[in-house]
Amino acid sequence: MTAYIIRRLMQSAAVVLAMSVIVFLGLHVVGDPVYLLIDPQADQAEIERTIRRLGLDQPIWMQYFHFLKGALSGDLGKSFVHGTSALKLIVERMPATLEIAIAATLMAILLGIPLGLYAGLKPDSFASKSIMATSILGFSLPTFWVGIMMIMVFAVMLGWLPSTGRGPTATFLGITSSLFTIDGLRHITMPALNLALLKISLVIRLTRAGTREAIHQDYIKFARAKGIPTSRIVGVHLLKNIMIPVVTVLGLEFGSLIAFSVVTETIFAWPGMGKLLIDSIQTLDRPIIVAYLIIIVMLFVVINLIVDILYSILDPRVRIGEKSA
Amino acid sequence: MSGSDQAAIEPTLAVSGLKTHFFTKAGVVKAVDGVSLHVNPGEILGLVGESGSGKSITGFSILGLIDAPGRIVEGSIRYKGRELTTSSDEELRSLRGDRIAMIFQDPMMTLNPVLRIDTQMIETVHVHHRVSKAEALERARAALAEVGIPSPESRLKNYPHELSGGMRQRVAIAIAFINKPDLIIADEPTTALDVTIQAQILAEAQALCARTGTAMIWITHDLAVVSSLADRIAVMYAGRIVETGRTADVVSAPRHPYTQGLINSVPSHNVRGSRLNQIPGMTPSLINLPKGCAFRTRCPQAIDACLEPPPIREIGPGREVRCFNPVGVARPATAEAAP
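First to last, the sequence lines map onto chains L and D.
Just so you know, we're using the numbering used here here: the first sequence kicks off at 1 and counts up by one.
Just so you know, we're using the numbering used here here: the second sequence kicks off at 1001 and counts up by one.
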């Protein structure tokens, strides 16, 4: 197991390295940040000074080398705009993004699995057909449009929920989050639901498909022949089997929730990493973009690793590492 | 009812006139169409028939495990005098796995792949009996030892995929026997196994029944298997029982032309180099059965009377046949070789 994790981490380091090269080169092709940063009235000497200050006078391989040297000691460069550490800026915004990603995942689990189970167990009922039809909408409606509609209905017309921003935070068990205040929860409901909509639909469909498949398996019929009550058949025999794909997909999707919360964060003015990324792209704040992407790649790697380990816990047929069954 | 020689004993299970039909879009599939049978305590009944003859559906009907679009439309199933067709779901559930257990065909599929053996055994005890976990575990261990599994303590900790097919079927049999049921319905439990393992499982099942007094219905398409195991045989064709009797009688002197066809098509009865005997034609569609006797179109002995459905007739003690023109004295059975 340990050897497996070490090997995985080394592979991941190679991925991060390759990714950083691609992003670094790519960013130097699109636009020149200098003219966005300095006063249009500045003279040539001023421009030269800024270029040197940002280290942009050096050839690109030197710039990359400097970046790499810094990265190895945990310094991913300074933001062109803010003048502070890019890493620090991102980490400051991270809790807000994690918060809606976690809230969205919880919604996907708590709504998606029961609804999917119901739709799988009673496929011909009207309720099941409604669930499945709604899940198609969840899949196909674009996130930004749903977000705008939610703001229109719940914030503007009904006035139930605030439309933008993050609510007040509170600290509980050493974690500072807006999930622990009433107003914070009011603020997070809409963005989290918006972000979760696609995932809820996904989990409903996965759970339903798994249930439809498993329900006809001999082991379910055998469990019935043993006299096991339906509640235990569904809750243990069935659920444990269908959780394997659901956990895998949810784990992978958690990474994408964090990475692609950009749209939702923009619509609801949620002060997370996604919003920071959009702002940085607009000002061509290269160090932040590079640092953001590196952090996202590392997050994906860690999440994948956790999913693999979870997978082996759920499915006894999968055992990580060389040890064969 | 058959079995007049054993009329004094109350049978563990008595099925009469059972009809289980499936209401599909293509029509009504009469999977079981008037089956009557009984098993006495400690007795092994072999239920023989081709695929699609309704033998498995008969087994599932007894357990109350028929799912839509199927339904028991007629007949009675009496377990120790208790009517099961009118019992509630909860009453049936409490009987299943406790008084009436079942063993399935494919051991690779019957055990839940993500639950440990001990979990799957203990739950079978716990849903029927209020005993401590230690007691349930001890019963599980004893049941595994009973079916000849070496070092049962460590096997309990295994997952199904860590065991071979034969081992898994032994575990399934141990689960069936764990609550000391009165009746076990075994649905082709050795079909998916190697011949050597098959012989071991047969011997163990037989010994277990003798030891515990459990009655057993052994469903199979393999006459050779059942002839070495069962006390009595019931032969099914197209949802009906066409012949019953003591195993030796049925195998050595089949009366129904279908039974005779089955026996003649066992390869060991043929001379080496000659073509295998086979029953001409195919099993009829259960939606659209031939008028009269369902076997009429394939039967070498068919006569005009066969256009009417033949009733089941008693032709000897405990010996019944559903045929107007049974394989008679004039034409003795060609297969004399007893197993």
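Keep in mind that the hints were calculated from the coordinates and are not lab data.
Fair warning: there could be bad hints in the mix.
To be verified - Calculated lysine-lysine pairs in the PhoX-like style (CA-CA distance at most 25 Å, straight line): (1) D:LYS1157 <-> D:LYS1180; (2) D:LYS1133 <-> D:LYS1157; (3) D:LYS1291 <-> D:LYS1080; (4) L:LYS221 <-> D:LYS1180; (5) L:LYS129 <-> D:LYS1025; (6) D:LYS1291 <-> L:LYS221; (7) L:LYS69 <-> L:LYS88; (8) L:LYS221 <-> L:LYS240; (9) D:LYS1291 <-> D:LYS1019; (10) L:LYS129 <-> D:LYS1291; (11) L:LYS122 <-> L:LYS221; (12) L:LYS275 <-> L:LYS88; (13) D:LYS1025 <-> L:LYS122; (14) D:LYS1291 <-> L:LYS240; (15) D:LYS1180 <-> D:LYS1133; (16) D:LYS1019 <-> D:LYS1080; (17) L:LYS240 <-> D:LYS1180; (18) L:LYS122 <-> L:LYS275; (19) D:LYS1080 <-> D:LYS1180.
Being a predicted model, the structure only gives us computed values, none of them experimental.
Straight-line Cα separation of LYS122 (chain L) and LYS221 (chain L) no greater than 25 Å?
holds, 17 Å
Given the proposed pairing of LYS221 (chain L) with LYS240 (chain L), does the C-alpha separation stay at or below 25 Å?
The hint holds at about 16 Å.
Assess, step by step, whether the Cα of LYS240 (chain L) is no farther than 25 Å from the Cα of LYS1180 (chain D), and give holds or violated.
Status violated; Cα separation ~29 Å.
Agreement of LYS1291 (chain D) and LYS1019 (chain D) with the hint, judged by alpha carbon distance not exceeding 25 Å
holds, 18 Å
Agreement of LYS1025 (chain D) and LYS122 (chain L) with the hint, judged by alpha carbon distance not exceeding 25 Å
holds, 19 Å
Would the hint linking LYS1080 (chain D) and LYS1180 (chain D) be met if the CA-CA limit is 25 Å?
holds, 15 Å
Pair hint LYS1291 (chain D) and LYS221 (chain L), alpha-carbon separation not exceeding 25 Å
violated, 35 Å
Keeping to a limit of 25 Å between CA atoms, is the pair of LYS275 (chain L) and LYS88 (chain L) held or broken?
It holds: about 15 Å lies between the C-alpha atoms, which stays within 25 Å.
Does LYS1025 (chain D) lie within 25 Å of LYS129 (chain L) when you go C-alpha to C-alpha?
Roughly 21 Å between the alpha carbons, so the hint for LYS129 (chain L) and LYS1025 (chain D) holds.
Quickly compare the C-alpha distance for LYS1133 (chain D) and LYS1157 (chain D) to 25 Å and report which way the hint goes.
Roughly 15 Å between the alpha carbons, so the hint for LYS1133 (chain D) and LYS1157 (chain D) holds.
Hinted pair LYS1291 (chain D) and LYS1080 (chain D), Cα distance within 25 Å:
violated, 36 Å
Holds or violated: LYS1157 (chain D) and LYS1180 (chain D), Cα atoms, limit 25 Å.
At roughly 23 Å apart (the allowed maximum being 25 Å), LYS1180 (chain D) and LYS1157 (chain D) satisfy the hint.
Going through the hint list in order, the structure does not satisfy hints 3, 6, 10, 14, 17, 18.
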